[in-house]
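Engineer: Knowing the structure of chain V, use the given hints to seat chain C on it.
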Amino acid sequence: MFSVEAKIVGRTHCGAGFYLLELEAPDVSSRAAPGQFVMVRVGDDYDPLLRRPLSIHDAGGGIIRLLYRVVGKGTGRLSRRGEGERVGLLGPLGKGFETPPSLESAALVAGGRGIAPMLFLARRIRRQSPSARLILFYGVRTGEELVRLEAFENLSVEIRTATEDGTMGTKGLVTQLVRDRLFSDAKFQIYACGPMPMLKALGSLAHEHSIPAQVSLEAHMSCGLGVCLGCVVKSKDGYAHVCRDGPVFPLDVLDWEDGK
Amino acid sequence: MTNPGPVLETRIGDLVLKNPVMTASGTFGYGAEFAPYVDLNDLGAVVVKGISLEPRQGNPPPRTAETPCGMVNAIGLENVGLERFLADKLPYLRQFDVPVVVNVLGRRVDDYVRLAGALSEAGGVSAVELNVSCPNVTSGGQAFGLDPEAVQTLVAAVRPAASIPIWVKLTPLVTDIVRIGRAAQEGGADAVCVGNTFPALVIDVHRRKPKLGNVVGGLSGPAIRPIMVRLCRLLACSLDVPVIGIGGVMCVEDALEYLLAGARAVQVGTANFVEPRTTVSIVEGLRKYLGEQGVTRMDEIIGKLRLE
Numbered sequence: 001m002f003s004v005e006a007k008i009v010g011r012t013h014c015g016a017g018f019y020l021l022e023l024e025a026p027d028v029s030s031r032a033a034p035g036q037f038v039m040v041r042v043g044d045d046y047d048p049l050l051r052r053p054l055s056i057h058d059a060g061g062g063i064i065r066l067l068y069r070v071v072g073k074g075t076g077r078l079s080r081r082g083e084g085e086r087v088g089l090l091g092p093l094g095k096g097f098e099t100p101p102s103l104e105s106a107a108l109v110a111g112g113r114g115i116a117p118m119l120f121l122a123r124r125i126r127r128q129s130p131s132a133r134l135i136l137f138y139g140v141r142t143g144e145e146l147v148r149l150e151a152f153e154n155l156s157v158e159i160r161t162a163t164e165d166g167t168m169g170t171k172g173l174v175t176q177l178v179r180d181r182l183f184s185d186a187k188f189q190i191y192a193c194g195p196m197p198m199l200k201a202l203g204s205l206a207h208e209h210s211i212p213a214q215v216s217l218e219a220h221m222s223c224g225l226g227v228c229l230g231c232v233v234k235s236k237d238g239y240a241h242v243c244r245d246g247p248v249f250p251l252d253v254l255d256w257e258d259g260k
Numbered sequence: 001m002t003n004p005g006p007v008l009e010t011r012i013g014d015l016v017l018k019n020p021v022m023t024a025s026g027t028f029g030y031g032a033e034f035a036p037y038v039d040l041n042d043l044g045a046v047v048v049k050g051i052s053l054e055p056r057q058g059n060p061p062p063r064t065a066e067t068p069c070g071m072v073n074a075i076g077l078e079n080v081g082l083e084r085f086l087a088d089k090l091p092y093l094r095q096f097d098v099p100v101v102v103n104v105l106g107r108r109v110d111d112y113v114r115l116a117g118a119l120s121e122a123g124g125v126s127a128v129e130l131n132v133s134c135p136n137v138t139s140g141g142q143a144f145g146l147d148p149e150a151v152q153t154l155v156a157a158v159r160p161a162a163s164i165p166i167w168v169k170l171t172p173l174v175t176d177i178v179r180i181g182r183a184a185q186e187g188g189a190d191a192v193c194v195g196n197t198f199p200a201l202v203i204d205v206h207r208r209k210p211k212l213g214n215v216v217g218g219l220s221g222p223a224i225r226p227i228m229v230r231l232c233r234l235l236a237c238s239l240d241v242p243v244i245g246i247g248g249v250m251c252v253e254d255a256l257e258y259l260l261a262g263a264r265a266v267q268v269g270t271a272n273f274v275e276p277r278t279t280v281s282i283v284e285g286l287r288k289y290l291g292e293q294g295v296t297r298m299d300e301i302i303g304k305l306r307l308e
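Protein chains in written order, with our numbering: chain V, 1 to 260; chain C, 1 to 308.
Worth double-checking, as some hints may not be accurate.
List of simulated lysine to aspartate or glutamate pairs, EDC-like, C-alpha gap at most 16 Å [to be verified]:
#	chain 1	residue 1	chain 2	residue 2
1	V	K171	V	E144
2	C	K211	C	E66
3	V	K236	V	D252
4	V	K95	C	E33
5	V	K73	C	E66
6	C	K18	C	D42
Don't read these hints as lab results, they were simulated from the structure.
Here chain C stands alone, though its shape is the one from the complex:
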């Protein structure tokens, strides 16, 4: 028998991922867009663009602005809506041996309940990720994400409707992220994801105007990574449910920072725009790293930050 090499498998609650590298919502379309560059079977999971009950057309342009080592976006949750997602997008993803996670967003608690219910019944969806943190639209869920009670109430309301795991994607811009994370856990979440973009403003000084049509947007990319790694560690040290790290993961070292800080998996976002093969390069890099560290399983790395 040949040496099987290190096992990258990780678990998010009951959900087994073949490796800890997934895509972040809104940066990987509905999967098909990246098929020319990435074998979707090689990913830990595919998290698709946020879905609402009805289609949304999004914010007026300009919608993105580049900043040093980052970008600010205010897309405005443009999406095809639940019905078209189920009819046109999900069947494509079902052909692959990869868990599909659907990010969902709503205006009211009932919207999330209906979305989670429909996606549970659809078949082929492994988890829902509740977006309680979009900074770019008034109904983007951030009103929920800033308030621990609202988060707990929302998750508890969705729980009975969802027969699949519920992940909650948190906003990083709160005074006490652990309180919000605990509220999600109390409500019945299976995992928390930290986190969404940071609310931000970029100004064109010559025109004295905001660079985005929506005025404000959300900052992502390597610029925010160290802040997110810390938040990830705070949550991983305090919660019982798994934590998923998101924010500026560009290469394997970045992914490892989150994993060592206690994340059971990471999501790759902005990097997909820069280099479409980032996710699979990270998977390769992890395999190499585990070999170099002389360990055989991801569990021997996750949360194993040395503090002495």
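Only chain V is shown next, with the shape it has when bound in the complex:
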């Protein structure tokens, strides 16, 4: 875990308020694992006060890539930081995805900005299991929110998209796409990141078909280090801390009873 002032070496608007931020951070980059996150200080004053937790979109060659969507004051501020400026970066933090040394096929399921950790994961699986079949199931509200598809294509990931308004891909929810697929082939390992209702639906699906699934959760975090104890989620053994026990959890340890 490192605390560094990372130089912005790239900043691209990907559409629909999504930004790809490239940071020079050799220590963080060489230690990072898919599913882990960094805490980003968006400015050097105290409003917003806290760092923002962003999952690692990709890492390598001394660079950390973050893909985020502008949703509020913190991400808005970050989107206005330009190339050559430095931002405080803390990480890599948390427990990432577990990837078996050789994998036959994997389903990467992303809802909205849940696409962020999937690229680094796909890259890792591709490296470990060059012939693995990788399918990205990617759901958004409307077509323009589908971002970074070409990066997945470059890793020979098959892409299935769903939009709620039907502007691209199948009309409907991504979980339906997964369900249709799983009936014909249940050998997948599932990796997922997205809104809670999506993960919950996926949870019952995975349970029904006895498919191992790992999910990456999003939470408001103050420290990212396991000390403020703010980012809890209900697990079957009481509260778990998203920053330290996660953000990736085996789906079956989470307690979905009250939807939290």
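Structural biologist: Okay, now just chain C, sitting in the frame of chain V:
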């Protein structure tokens, strides 16, 4: 001989701190979490997350909400409990040359007595900090902290059980903080800490719901600092026991405000979340400041606010 440079040492009663910068309870875990970023030996003291007799699982989420220059939390005193603290957490801290202060909280007077007794006997604990001010749980001690008689009774009851110094962490939201501080002193406290967070409410107007699962929480961060500096000065001018300043210390200038107002030390809280190396940067900054001011000891700064 080379110039040794300014001496940052400060005393809280009989306890000597190598510098006046400590961590605030609940913002530094049990120390180990910050070891990748901070050499714990460089701190004045480590104040660990509040401990209760039994483990507590804390409040339902969401537990924190950000506000302008601040944050509101309602963690609900989640902690591992006394037994696991002594078995799993304290041994790690004993390896360092740094005083360990344990914040304790209870439902009844007897809980505080038992906690202080056990921590005194454990070895390696330099002081207990009685939490009489958590706003977030019904048993968080705030019922004690609002009432001078209850504070005095509590401290007096803990006194014979504790062979180590007793600090009392006060709530800032009282009509007359000096009365509460005096009550702690009369009860036998070795120091008072001012203070805990301010009770606060943040509302999500779109959902018309509170932003915290616990509805209300405690406000911390730079937003509260000027209020706390004033309370700190009121206490420092009125009490014989040392005062420890807490609230929104983000940098060396902030720490100096408390020290000039009369605090013998400060605790750094929320800033640990923003920048994990805040404490050690402040220590460095103090050394530089003393040099610039041409003084050699902390005592030449503490309480030396100029009023003319």
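Engineer: Between the alpha carbons of K18 of chain C and D42 of chain C, is the straight-line distance 16 Å or under?
Structural biologist: The given pair, whose Cα atoms are some 8 Å apart, holds under the 16 Å limit.
Engineer: Hint check: K236 of chain V vs D252 of chain V, CA-CA at most 16 Å. Holds or violated?
Structural biologist: 8 Å, holds
Engineer: Is the Cα-Cα distance between K171 of chain V and E144 of chain V 16 Å or less?
Structural biologist: Holds. K171 of chain V to E144 of chain V sits at ~14 Å (cutoff 16 Å).
Engineer: Hint check: K211 of chain C vs E66 of chain C, CA-CA at most 16 Å. Holds or violated?
Structural biologist: 10 Å, holds
Engineer: Taken at face value, is the distance from the CA of E33 of chain C to the CA of K95 of chain V at most 16 Å?
Structural biologist: Holds, at about 15 Å.
Engineer: Between K73 of chain V and E66 of chain C, does the CA-CA distance stay at or below 16 Å?
Structural biologist: Measuring from Cα to Cα gives roughly 11 Å; hence the hint holds.
Figure legend: structure checked against the earlier numbered hints; every hint is met.
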